[in-house]
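Colleague: Chain by chain, the residues:
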Amino acid sequence: MDCYTANWNPLGDSAFYRKYELYSMDWDLKEELRDCLVAAAPYGGPIALLRNPWRKEKVASIRPVLEIYSASGLPLASLLWKSGPVVSLGWSAEEELLCVQEDGVVLVYGLHGDFRRHFSMGNEVLQNRVLDARIFHTEFGSGVAILTGAHRFTLSANVGDLKLRRMPEVPGLQSAPSCWTTLCQDRVAHILLAVGPDLYLLDHAACSAVTPPGLAPGVSSFLQMAVSFTYRHLALFTDTGYIWMGTASLKEKLCEFNCNIRAPPKQMVWCSRPRSKERAVVVAWERRLMVVGDAPESIQYKQLTIQVLLDRLVLRRLYPLAIQICEYLRLPEVQGVSRILAHWACYKVQQKDVSDEDVARAINQKLGDTPGVSYSDIAARAYGCGRTELAIKLLEYEPRSGEQVPLLLKMKRSKLALSKAIESGDTDLVFTVLLHLKNELNRGDFFMTLRNQPMALSLYRQFCKHQELETLKDLYNQDDNHQELGSFHIRASYAAEERIEGRVAALQMAADAFYKAKNEFAAKATEDQMRLLRLQRRLEDELGGHFVDLSLHDTVTTLVLGGHSKRAEQLARDFRIPDKRLWWLKLTALADLEDWEELEKFSKSKKSPIGYLPFVEICMKQHNKYEAKKYASRVGPEQKVKALLLVGDVAQAADVAIEHRNEAELTLVLSHCTGTADAATADKIQRARAQAQKK
Amino acid sequence: MAFPHRPDAPELPDFSMLKRLARDQLIYLLEQQHEVDKLYKVENKPALSSNEQLCFLVRPRIKNMRYIASLVNADKLAGRTRKYKVIFSPQKFHACEMVLEEEGVYGDVSCDEWAFSLLPLDVDLLSMELPEFFRDYFLEGDQRWINTAVQALHLLSTLYGPFPNCYGIGRCTKMSYELWRKLEEEEDGETKGRRPEIGHIFLLDRDVDFVTALCSQVVYEGLVDDTFRIKCGSVDFGPEVTSSDRSLKVLLNAEDKVFNEIRNEHFSNVFGFLSQKARNLQAQYDRRRGMDIKQMKNFVSQELKGLKQEHRLLSVHIGACESIMKKKTKQDFQELIKTEHALLEGFNIRESTSYIEEHIDRQVSPIESLRLMCLLSLTENGLIPKDYRSLKTQYLQSYGPEHLLTFSNLRRAGLLTEQAPGDTLTAVESKVSKLVTDKAAGKITDAFSSLAKRSNFRAISKKLNLIPRVDGEYDLKVPRDMAYVFSGAYVPLSCRLIEQVLERRSWQGLDEVVRLLNCSELAFTDMTKEDKASSESLRLILVVFLGGCTFSEISALRFLGREKGYRFIFLTTAVTNSARLMEAMSEVKA
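As you go down the protein sequences, you meet chains Z and A in turn. Numbering-wise (the UniProt record's numbering), the first sequence opens with residue 1 and increments by one. Numbering-wise (the UniProt record's numbering), the second sequence opens with residue 1 and increments by one.
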């Protein structure tokens with residue numbers, strides 16, 4: 001039986017530690033690590049080494065080499081460094097390698113050494129060069145802090161959303177601080193720095209001196225400082241060989257320790273094991289390692305979520321493994337397999353040695369129509385890699401045509417975007433594309449495009465009708481759509497123009513357009529309206545009152561009502577008002593005036609083209625039975641019964657109906673027989689009916 | 001009266017859920033999200049509120065944007081600053097934002113959306129309350145509301161399960177249906193595995209049947225709509241109905257017990273029914289006499305309230321009836337109905353044309369005249385050129401030249417057209433037929449006739465037997481078919497189509513009708529396996545009208561449901577009638 005405690009060593013009075021090898025590194029390093037810039041990513045992420053960084057004494061011809069290994073030392077990438085001198089390396093939370101150059105330019109590489117992008121930390125940094133740099137992590141992402149040659153700090157708390165902050169000056173700072181670190185408190189990044197025996201905290205606005213509680217006296221300089229991964233704790237190493245451990249807020253001391261080693265340590269870091277309540281600071285010198293622990297206290301340990309784990313696998317291009325994990329965990333497709341396939345596809349489109357067709361086919365074969373996979377996202381990635389044709393091919397697999405539109409617009413395939421938007425049935429999307437096209441194309445081409453897309457055209461017309469009348473006119477002109485152009489001018493003649501002459505001019509344009517459209521009817525009607533408008537104006541001048549904008553009918557009625565019979569007749573002749581209409585019009589107007597004498601004269605002026613029943617009706621509407629009866633006698637036999645019923649002469653109506661032997665008329669009269677007064681009449685009708693049936 | 005449903009008729013789905021949903025959303029939106037404390041109606045006048053924040057809940061119309069912009073700009077001029085929020089329902093349109101931008105207020109206004117698309121007006125009637133759907137789509141060719149219709153359908157299928165049997169006819173219907181299907185596929189799983197509650201859905205475009213919508217309504221609910229205009233399920237009865245000096249707003253739905261019994265009745269029966277009801281009510285009141293104190297106490301506490309309620313409703317509807325009778329039983333209305341029936345049956349065309357001409361000459365009503373002209377055109381495959389010119393001339397003389405635009409609209413929508421001059425068509429045809437075989441010539445004729453969007457009403461009417469043969473009087477008290485909604489003269493085309501398709505469970509055998517409707521490519525049947533649908537759900541049918549439906553159509557289908565043991569549910573973009581359709585086409589001076 002093994003002795004489990006054999007390799008445990010005592011640590012202080014009550015604790016033990018042991019050292020054992022988890023695994024051996026697979027790498028085959030030729031240089032010593034001390035000659036390299038090294039950066040290891042958190043959570044067992046990759047390790048980056050920059051060999052042969054710039055040494056002033058070395059010849060420039062030997063270029064440094066950037067190597068990336070997995071945490072276990074498997075080589076992932078190796079490339080010759082061709083850019084400027086690098087001051088610092090670090091990994092972002094997304095496992096992107098940030099290389100901070102002396103000139104303040106930060107180059108970003110992927111896990112596999114693929115160059116992603118670069119950005120600059122600003123002019124001030126460029127001028128004064130980078131003295132030192134740190135990559136740090138916050139809940140928002142990863143940040144970069146720079147100490148420049150002018151002993152000023154510049155930082156960006158999130159390189160994904162680059163906002164540069166130049167920190168305030170530290171008063172009296174003449175040389176570089178002996179040590180510094182970034183802190184993150186209340187969601188704001190600070191810098192803690194040591195100058196001689198003093199500590200300063202820099203935030204956006206101010207520089208304030210701070211003192212750690214319970215710090216032993218006699219310190220003349222701080223040699224190292226270390227902040228824990230969660231920014232909760234801080235450790236300080238002084239020139240007296242004394243270690244202070246406390247909260248990063250500098251409000252509380254956890255413990256202190258005097259190691260009696262005055263040499264500056266090479267490195268000092270916080271370490272803790274998962275779920276362990278013990279924390280310790282590890283201090284390393286050239287040949288010595290020291291672990292300093294403190295009393296137990298609860299801390300939180302945030303686990304890697306399964307999503308982050310999958311992300312990490314995807315980043316390492318271990319797609320099959322990731323998929324197996326998803327399947328094993330029975331993750332819903334959208335969160336699991338689909339997402340990984342989509343990542344795979346995004347990787348696939350970057351393989352420049354494979355033809356567009358092959359890539360598109362391979363992707364479609366694997367993805368098919370897996371739910372949750374967005375072909376437009378993959379296409380966007382292809383476009384990002386400069387493969388526009390591939391992007392278009394991939395978009396064709398996107399079932400939702402609306403989703404294709406934004407990328408097509410970005411790729412300047414606006415016309416294709418327009419058809420896709422129309423296909424989607426989303427008019428708003430169509431409108432968005434239209435506005436794009438309008439800015440992108442010249443007017444002629446824009447109109448031409450619209451012409452081929454009726455749905456877009458009507459949409460645009462609708463908009464123009466309300467907002468851009470002139471454009472609407474141009475659209476019709478372009479299409480030789482004379483009919484609509486005519487309508488346009490008609491509308492303008494009463495909606496846009498106020499003066500009579502302006503209105504007549506608009507009507508003239510309308511008439512011309514209608515002629516061109518071979519719509520003679522509309523042209524003639526428009527010309528009539530021009531004449532009428534002018535005439536109405538004249539009537540207003542001569543007679544006073546209101547005529548403009550009345551219909552022809554109402555104009556004549558107004559004249560009759562105003563006693564201008566002659567003019568009314570003249571107008572009726574000029575505009576060829578049919579006799580029937582004129583008779584109805586005069587009849588109604590004279591009855592309204594209750595000018596019964598004139599009405600009778602009018603009725604006798606010639607044979608009425610509308611018969612005399614209307615006279616009876618209109619008189620009854622004015623409740624003049626006396627006058628109505630006059631006309632009832634003149635009503636022809638066909639409508640006699642109706643006329644008699646109108647004036648309330650049921651008995652005579654019955655006689656006429658019986659005389660006519662007309663069943664419908666008999667029924668009609670019968671329906672008017674109400675009450676006892678008409679009882680005799682009703683009897684008479686029934687008798688006549690019976691007699692008729694006998695025959 | 002108000003014939004009961006067959007005992008095996010299915011229960012209607014519960015729409016109160018939709019109502020609750022809409023109410024809760026609105027309260028949350030206004031109170032929680034936007035801290036609204038007072039509501040005003042958006043009217044075209046200056047805002048009187050002195051609040052620090054104005055919140056507008058509006059339809060995404062350019063007119064509304066202009067109004068909001070003018071308010072904001074007026075505030076700016078007055079040196080006043082406040083917050084402005086615009087909530088668009090059912091969605092925001094890019095064009096609206098553009099208008100705000102062009103008016104220079106985009107930065108001052110924040111926008112939000114309320115995706116509200118279904119308003120339950122009654123137990124069997126859902127409305128999208130989008131009257132502009134009709135003009136925008138069928139006249140302007142603007143498809144902006146299709147998405148809203150698709151969202152509404154999607155909401156229904158998430159609430160009431162998938163629809164195992166789908167039928168549809170019309171261009172807009174087809175497009176909406178396809179987009180809806182696509183959406184359902186994308187959001188797979190939501191309805192998957194659900195038991196369908198509604199067995200059939202039938203969608204149709206308003207332009208498949210304009211004729212029915214243009215007829216005068218004579219069933220009570222339709223007649224009330226034609227006479228007083230029902231808005232959002234309620235009507236304002238003016239002093240002539242209430243016989244007081246105030247108007248009364250009355251909700252018209254199944255909860256009004258009196259209304260529920262007469263809504264689907266032919267008007268000629270309604271007055272008799274109401275007076276009988278009044279006598280019964282009086283008798284119930286009269287029972288008070290001779291009651292002892294205990295009985296009286298019971299009567300007052302239990303029955304009186306109900307009786308009073310009924311009394312109130314009765315007097316409202318009797319008032320409405322009187323008012324309608326005053327307007328409609330005049331000789332004019334009889335003549336009008338007679339002319340309509342003549343047009344539907346296709347006899348005495350000359351006489352009807354003269355009637356219409358006189359109608360125009362006498363300036364009876366601009367909207368009514370238009371309606372008659374359109375009915376003439378629709379039933380006769382367009383007006384003969386002479387009539388087309390003369391009726392239009394007369395109309396312009398009566399009502400002003402701006403109606404040149406109205407006629408242009410009506411022609412574009414296919415409502416008022418000119419018969420293709422026979423000569424030119426035959427000339428081309430005979431020329432062509434000399435060159436090709438007869439069969440090909442037939443095809444070319446078809447092509448020609450489909451070029452001009454023509455109504456083939458007469459042939460359709462014959463095929464579908466829309467004009468019932470009447471031996472003797474049609475007993476309107478005991479209707480025998482859906483024609484009773486038009487006094488027994490005409491079975492609504494839309495309803496007949498639905499009846500026929502439901503009977504066949506497809507369009508099979510209706511090819512000729514579909515062709516005559518110019519919908520050869522636009523009629524579809526889509527069935528899924530029915531094993532999950534209960535027999536009860538298979539007798540529940542959702543009818544969707546894109547572009548609006550009339551109360552007459554609703555009454556006719558309710559009747560059909562009672563006859564066959566179905567229940568119909570209606571979803572419409574808006575409830576419409578002939579006047580609303582004509583107004584949508586009319587050009588009016590602003």
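Don't take every hint at face value.
[To be verified] Listed below are the simulated DSS-like cross-link pairs for lysine-lysine, each with C-alpha atoms no more than 27 Å apart in a straight line:
#1 Z:Lys629 - A:Lys76
#2 A:Lys462 - Z:Lys580
#3 A:Lys257 - Z:Lys642
#4 A:Lys308 - Z:Lys625
#5 A:Lys83 - A:Lys63
#6 Z:Lys621 - A:Lys327
#7 A:Lys326 - Z:Lys438
#8 Z:Lys601 - Z:Lys524
#9 A:Lys294 - Z:Lys642
#10 Z:Lys438 - Z:Lys352
#11 Z:Lys601 - Z:Lys580
#12 A:Lys308 - A:Lys294
#13 A:Lys63 - Z:Lys621
#14 Z:Lys642 - A:Lys326
#15 A:Lys257 - A:Lys338
Keep in mind the hints are simulated off the structure, nothing from the lab.
Colleague: Next step is simple, just say for each hint if it's right about the structure.
Modeller: Hints versus structure:
Between the alpha carbons of Z:Lys629 and A:Lys76 the distance comes to roughly 68 Å, so the proposed pair goes past 27 Å and is violated. For a cut-off of 27 Å, the pair hint linking A:Lys462 to Z:Lys580 is broken: about 36 Å separates their Cα positions. Between A:Lys257 and Z:Lys642 the alpha-carbon distance is near 41 Å, which puts this suggested pair outside the 27 Å criterion. Straight-line distance between C-alpha atoms of A:Lys308 and Z:Lys625 comes to about 44 Å, which puts the hinted pair past the 27 Å bound.
Annotation: proposed proximity of A:Lys83 to A:Lys63 holds, straight-line Cα distance about 21 Å (limit 27 Å). As the CA atoms of Z:Lys621 and A:Lys327 are separated by approximately 14 Å, the hinted pair is consistent with the 27 Å bound. A hinted pair counts as satisfied when its Cα atoms are at most 27 Å apart, and A:Lys326 with Z:Lys438 does not qualify at roughly 58 Å. For the given pair, Z:Lys601 sits about 35 Å from Z:Lys524 by alpha-carbon distance, which is inconsistent with the 27 Å threshold.
Under the criterion of a C-alpha separation no larger than 27 Å, the hint pairing A:Lys294 with Z:Lys642 is inconsistent with the structure, at around 61 Å. Note on Z:Lys438 and Z:Lys352: the hinted pairing is violated, with a Cα-Cα distance of about 35 Å set against a maximum of 27 Å. As the CA atoms of Z:Lys601 and Z:Lys580 are separated by approximately 17 Å, the hinted pair is consistent with the 27 Å bound. Taken as a hint, the A:Lys308 and A:Lys294 pair is honoured in the structure, with Cα atoms around 20 Å apart against an allowance of 27 Å.
Simply put, A:Lys63 and Z:Lys621 have alpha-carbon atoms about 42 Å apart, too far for the 27 Å limit, and the pair is violated. Among the hinted pairs, Z:Lys642 with A:Lys326 is consistent with the structure: their alpha-carbon atoms are about 19 Å apart, no more than 27 Å. For a cut-off of 27 Å, the pair hint linking A:Lys257 to A:Lys338 is broken: about 33 Å separates their Cα positions.
In this structure, the hints that do not hold are numbers 1, 2, 3, 4, 7, 8, 9, 10, 13, 15, in rising order.
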